[in-house]
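Colleague: Residues per chain, in single letters:
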Amino acid sequence: MSYLKKIKLRTEYQGMHDVTEEVKKAVAESGVQEGLCVINCTHTTAGIIITSFWDKRGHVDFQDEMDKLIPMRYDYLHDYDTPTDAAGHIKSALAGTGITLIVTGGKAMLGSSQGVLFCEFDGPRDRQFAVKVVPDP
Amino acid sequence: MSYLKKIKLRTEYQGMHDVTEEVKKAVAESGVQEGLCVINCTHTTAGIIITSFWDKRGHVDFQDEMDKLIPMRYDYLHDYDTPTDAAGHIKSALAGTGITLIVTGGKAMLGSSQGVLFCEFDGPRDRQFAVKVVPDP
Amino acid sequence: MSYLKKIKLRTEYQGMHDVTEEVKKAVAESGVQEGLCVINCTHTTAGIIITSFWDKRGHVDFQDEMDKLIPMRYDYLHDYDTPTDAAGHIKSALAGTGITLIVTGGKAMLGSSQGVLFCEFDGPRDRQFAVKVVPDP
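Protein chains in written order, with the working numbering: chain X, 538 to 674; chain R, 538 to 674; chain F, 538 to 674.
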């Protein structure tokens, strides 16, 4: 049977949250041995990426580079909210709001350095993401 | 049973097309209550992203920022077609040509602001994308 | 029945590897007629993208643009390894480490120009990626 779990988190401004353990736990709870694991967040100024979980300062680099690429300018056309929000939408669209992992041997197939990171491109906010684990037919 | 639908659209130059309603309709037509929904376009100068559907001018910001990041220069190595095409390939690869959504309660799980956008990085062109809805086993 | 294959490759520095044929072969070997195909690499300085397979020089453009967007600077906060590694993590997170394709009629649904590319953002290295093909229930 498939398994769907919603996980809440509280972010700080442009925080990076390592959610690898939450994802691994959801896969274990699902009991699925072979299948797929889909992770999605339901926000437009946040993202889900895979990157090394080892280097916390590397996570700051990621946000810093995103800021350089898509600066929080005041001249976006964007009608609502703030310039942070306008830049956050673009960052979120580029980083992506979801990833799909392969499940094998009862575990999500992740490399030895790979972690799943929830990226806050605005914040601080109450956020959530969903983990769905589907067994093979 | 799974459900596969191909949807055609006509784009203008660098147009952003909100296809959220088409995706929702395909999920409804599939009759799937719990499952996955995969959306893919089959082009190399277009993309499928998730962003806020509220702010039409924010969609222009997205294309403007993509143009700044990957300018339509004349010195790409790219052998064929036009500089628009060369830049479009890179934009498409970065934005991504597909997304996977979770289906629950007969609906695609999308946040209150999330829309599915077809991004034309060249155009005007005749385009298409596919929506596949797969029920849980 | 689902099908899981791991494919090894040896990369050169910032090489682009067209793995479209390997993906097509895995789908054929799976015997799946209708389903999904998930392609993931398990590295944090590599990526999996879709782009035109026609233009080999366009693949060099992709790496060149990624270098311009995320330069191999010496002032990343990143604690471990090299500046190449620091930049590679960010490139990998942005390009993405996986894609999901629709399988129909026994084939991965790819456009006439679309290829699947393994992107080395560091290297040279021994690398691998996985292809999983899941039939519809």
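To be clear, the hints were calculated from the coordinates, so they are not data collected in a lab.
Take these hints with a grain of salt, some might be off.
Heads up, the list lumps identical chains together, so a pair's fine if it works in one copy or across two of them.
DSS-like, lysine-lysine: derived pairs with alpha carbons at most 27 Å apart [unchecked claim]: (1) 561 / 644; (2) 543 / 561; (3) 561 / 593; (4) 605 / 542; (5) 644 / 542; (6) 543 / 605; (7) 605 / 561; (8) 593 / 644; (9) 644 / 605; (10) 543 / 644.
A quick note: this is a predicted structure, and the numbers were derived from the prediction, not measured.
Colleague: Run every hint past the structure and note whether it holds.
Modeller: Structure-based check of each hint:
no., hint, result
1, 561 / 644, "both (7 Å within a copy, 26 Å between copies)"
2, 543 / 561, "both (14 Å within a copy, 21 Å between copies)"
3, 561 / 593, "within (19 Å within a copy, 38 Å between copies)"
4, 605 / 542, "neither (34 Å within a copy, 39 Å between copies)"
5, 644 / 542, "both (16 Å within a copy, 16 Å between copies)"
6, 543 / 605, "neither (32 Å within a copy, 36 Å between copies)"
7, 605 / 561, "neither (32 Å within a copy, 35 Å between copies)"
8, 593 / 644, "within (24 Å within a copy, 37 Å between copies)"
9, 644 / 605, "neither (36 Å within a copy, 37 Å between copies)"
10, 543 / 644, "both (19 Å within a copy, 16 Å between copies)"
In terms of the numbered hints stated before, the structure departs from hints 4, 6, 7, 9, listed from lowest to highest.
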